[in-house]
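Put together the whole structure using the sequences plus the hints.
Chains A and B supply the protein sequences, listed in that same order. Position 234 of the first sequence, counted from 1, bears residue number 234 in my numbering, the numbering being contiguous throughout. Every position in the second sequence, counted from 1, becomes a number in my numbering once 249 is added.
Hints were generated in silico from the structure; no laboratory data involved. Check before you lean on any hint, since a few could be wrong.
As the list claims (entries may be wrong) - Only pairs whose alpha carbons sit at most 25 Å apart, straight line, appear in this in silico DSS-like list of lysine-lysine:
(1) A:LYS143 - A:LYS202
(2) A:LYS143 - B:LYS562
(3) B:LYS562 - A:LYS15
(4) B:LYS301 - B:LYS346
(5) B:LYS346 - B:LYS371
Unchecked claim - Partner residues are not named here, just some residues of chain A that face chain B (Cβ under 10 Å, in silico):
(6) GLY75
(7) THR86
(8) GLY92
(9) TYR102
All values reported here derive from a predicted model rather than from experimental measurement. Think of the CB as a built atom: it goes at the ideal place given N, C-alpha and C, for glycine as much as any other residue.
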Amino acid sequence: MIEARQLTKVFQDRKRGAIRAVDGVSFTCRPGQIYGLLGANGAGKTTTLRLLATLLRPTAGGASVAGFDVTAEPGRVRANVGFLATSTALYGRLTARETLTYFGRLHGLADAVIAARIERLADELDMREFLDRRVEKYSTGMKQKTSIARTLVHDPAVSIFDEPTVGLDVMTARNIVRFVRERRDRGKTVIYSTHVMSEVEKLCDVVGIIHRGRLVAEGTVAQLRARYGEADMEEIFVRAVGGEETEAP
Amino acid sequence: MSTRNILTVYAKELRDSLRDRRTLVSMILIPLLMIPGIMMVAVGVSARVMSKARAEIPTVMLLGDGDAPAVRAALAANRRIRLVPAAPDWRQRIADKQLRAAVELPAGFDAALARGAAAEVKIYDYEGELRSGFAVGELRTFFNEYRQRTVAARLAARGLPVELIRPFEVRTENVAPPEKVGGNLVGGLVPYLVILLCFTGAMYPAMDLTAGEKERGTMETILCSPVARSDLVLGKFLVVLTASLATGLISLLSSGATFLARGLVLGGGGAAARSLAALPAIDPVGLLLVLLMVVPVAVLFCAVLLAVSLYAKSIKEASSYASPMIILIIVPAMMGLLPGLELNARLALVPILNLALVSKELVSGVYHWPYLALIFGSTCLYAAAALAFCVRLFNREDVLFRV
Numbered sequence: 001m002i003e004a005r006q007l008t009k010v011f012q013d014r015k016r017g018a019i020r021a022v023d024g025v026s027f028t029c030r031p032g033q034i035y036g037l038l039g040a041n042g043a044g045k046t047t048t049l050r051l052l053a054t055l056l057r058p059t060a061g062g063a064s065v066a067g068f069d070v071t072a073e074p075g076r077v078r079a080n081v082g083f084l085a086t087s088t089a090l091y092g093r094l095t096a097r098e099t100l101t102y103f104g105r106l107h108g109l110a111d112a113v114i115a116a117r118i119e120r121l122a123d124e125l126d127m128r129e130f131l132d133r134r135v136e137k138y139s140t141g142m143k144q145k146t147s148i149a150r151t152l153v154h155d156p157a158v159s160i161f162d163e164p165t166v167g168l169d170v171m172t173a174r175n176i177v178r179f180v181r182e183r184r185d186r187g188k189t190v191i192y193s194t195h196v197m198s199e200v201e202k203l204c205d206v207v208g209i210i211h212r213g214r215l216v217a218e219g220t221v222a223q224l225r226a227r228y229g230e231a232d233m234e235e236i237f238v239r240a241v242g243g244e245e246t247e248a249p
Numbered sequence: 250m251s252t253r254n255i256l257t258v259y260a261k262e263l264r265d266s267l268r269d270r271r272t273l274v275s276m277i278l279i280p281l282l283m284i285p286g287i288m289m290v291a292v293g294v295s296a297r298v299m300s301k302a303r304a305e306i307p308t309v310m311l312l313g314d315g316d317a318p319a320v321r322a323a324l325a326a327n328r329r330i331r332l333v334p335a336a337p338d339w340r341q342r343i344a345d346k347q348l349r350a351a352v353e354l355p356a357g358f359d360a361a362l363a364r365g366a367a368a369e370v371k372i373y374d375y376e377g378e379l380r381s382g383f384a385v386g387e388l389r390t391f392f393n394e395y396r397q398r399t400v401a402a403r404l405a406a407r408g409l410p411v412e413l414i415r416p417f418e419v420r421t422e423n424v425a426p427p428e429k430v431g432g433n434l435v436g437g438l439v440p441y442l443v444i445l446l447c448f449t450g451a452m453y454p455a456m457d458l459t460a461g462e463k464e465r466g467t468m469e470t471i472l473c474s475p476v477a478r479s480d481l482v483l484g485k486f487l488v489v490l491t492a493s494l495a496t497g498l499i500s501l502l503s504s505g506a507t508f509l510a511r512g513l514v515l516g517g518g519g520a521a522a523r524s525l526a527a528l529p530a531i532d533p534v535g536l537l538l539v540l541l542m543v544v545p546v547a548v549l550f551c552a553v554l555l556a557v558s559l560y561a562k563s564i565k566e567a568s569s570y571a572s573p574m575i576i577l578i579i580v581p582a583m584m585g586l587l588p589g590l591e592l593n594a595r596l597a598l599v600p601i602l603n604l605a606l607v608s609k610e611l612v613s614g615v616y617h618w619p620y621l622a623l624i625f626g627s628t629c630l631y632a633a634a635a636l637a638f639c640v641r642l643f644n645r646e647d648v649l650f651r652v
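This is how it looks when you write it as structure tokens:
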């Protein structure tokens, strides 16, 4: 379960002064649900996700993730979250198995449990072939699979995926979308940000559109269609953020 | 703080670093080859230059010797100098290093000596030039002996004993052990190189584990794991310290091996043996104590380097901060090499300089325990402060996510 309450983040910039990257964002994502976060570049999506993953501390407001407060118990939040973003790269000189073992140990798992999880994830994500090769030799798809496995090695209650299919071929992207859906079906809480509108329509139970740090629209795909009188998600997005002049998502 | 997490981070970072060729070069290859290389080349070259200079018989010109055949004959008979015919351009020849020295005798020198009158002998040399200096030394020895023979003859002519004008002899004898002599000669050089290598050994891993992680995008990956920031920084710090100490230890071992080889091949002959023979003996226990004293300095280096590199956004930026710091290390370490600068309570509080000074004593086999304690304690204090600063920095999101 994720509950964001008036989540606010202000950055101080020497030249531009105070920047409200996230401005009073509130939403709830329940177990067994995929919450899709839509927003243009610089809208405050990544900052929101970083606040939920406790990489940043909120300036005001708060959030609880898997029942723990992001400000008071950041360690416990991280122990229950799997966070994947375009900025969370892998260690090139380690193999996938070593990477997963490392993160499993940091999550306090016993080596036997880690070994069993690696076997399961390797099957589910079709990683067996490259499991013991160094990550630096991987294709983009192999890297992304390893990254996803890295976020799941501790079987977290909450998964945060920030554009997980960026730069992937159709088959790998489909594989990953299927995998994310399976997480939801297992009763996990999933927050998913993407630029691919077809993924939003296929995956997300609830969609939140973020613009200039604020949550400007929220609802199921059907609710948003009804509200804006549009069937196409792209049109809905453009109308929600106030017109064409906004940078495309 | 969790020891398990610190060790997990340490083990992973160490494995990761050891798979990086650049770390291996800076940690193992450079210290392994640098000290023996510098020792062999520097000492070998200077020994060769000296022995070549000594082997040369200096050319000397006798000026105004028309009426001093006795001195001329004695000089010509001296095999340690080679007398060349007088020429008007003797000054130029000395400047051109074709002639090492010239001797000017006053008119009627032999006659003046026979009369018992005072006379002055002038030696012209090229001051600061090694071979000219050797020529002057030979000439001084010759004229001293010539004077002594003259005095002895005069005393004998008057029926007086030689002891009349030499009531006592003065002799100097060295009581410093050979280690002490060696310590003063190169003792400063070994710790200087060890300090420098400890710093350079820490430099690359420190940058790679912080700014490098930011650059490669793995910093955010590790920050979203539940490991506490303090555990993360301590794990990383221990890897940098391992690299720094390994570099220092390898350089000490290689210098130890160089000195050991000196003993083994001394009798063997050959160019290598000759240059090794020129190395003075140093105290092996002192060398080990140097390593012990290096530990807190290495901690200080690692913490400072880690903090500076963490602040940087990329390895390039980190190296532009870290490289000028080498000057900050070299200057006090070099000051320790200055002859005459001795350790005192105030200097014992100056980091790096204190280590350079005490190391010079340690390799000479001199242990000033109160100073050793003061240096170790004060450096530990500085190191702890630097490490605390580093941990604080790791908790600042504006540093971790600096854009």
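Hint check results:
1. At most 25 Å may separate the alpha-carbon atoms for a hinted pair to count; LYS143 of chain A and LYS202 of chain A meet this at roughly 24 Å.
2. Of the supplied pair hints, the one linking LYS143 of chain A and LYS562 of chain B holds, its CA atoms being roughly 24 Å apart against a limit of 25 Å.
3. As the CA atoms of LYS562 of chain B and LYS15 of chain A are separated by approximately 19 Å, the hinted pair is consistent with the 25 Å bound.
4. Proximity of LYS301 of chain B to LYS346 of chain B is assessed by CA-CA distance (about 15 Å); at most 25 Å being required, the pair is judged to hold.
5. The suggested pairing of LYS346 of chain B with LYS371 of chain B holds, with an alpha-carbon distance near 19 Å, which does not exceed 25 Å.
6. Given hint, GLY75 of chain A at the interface with chain B, holds; its Cβ is 5 Å from that chain's nearest Cβ, closer than 10 Å.
7. The beta carbon of THR86 of chain A is positioned within 10 Å of a beta carbon in chain B (closest approach about 8 Å), and the interface hint is therefore held.
8. Nearest Cβ of chain B to the Cβ of GLY92 of chain A: about 7 Å, under the 10 Å cut. The hint holds.
9. The beta carbon of TYR102 of chain A is positioned within 10 Å of a beta carbon in chain B (closest approach about 5 Å), and the interface hint is therefore held.
Going through the hint list in order, the structure satisfies each hint without exception.
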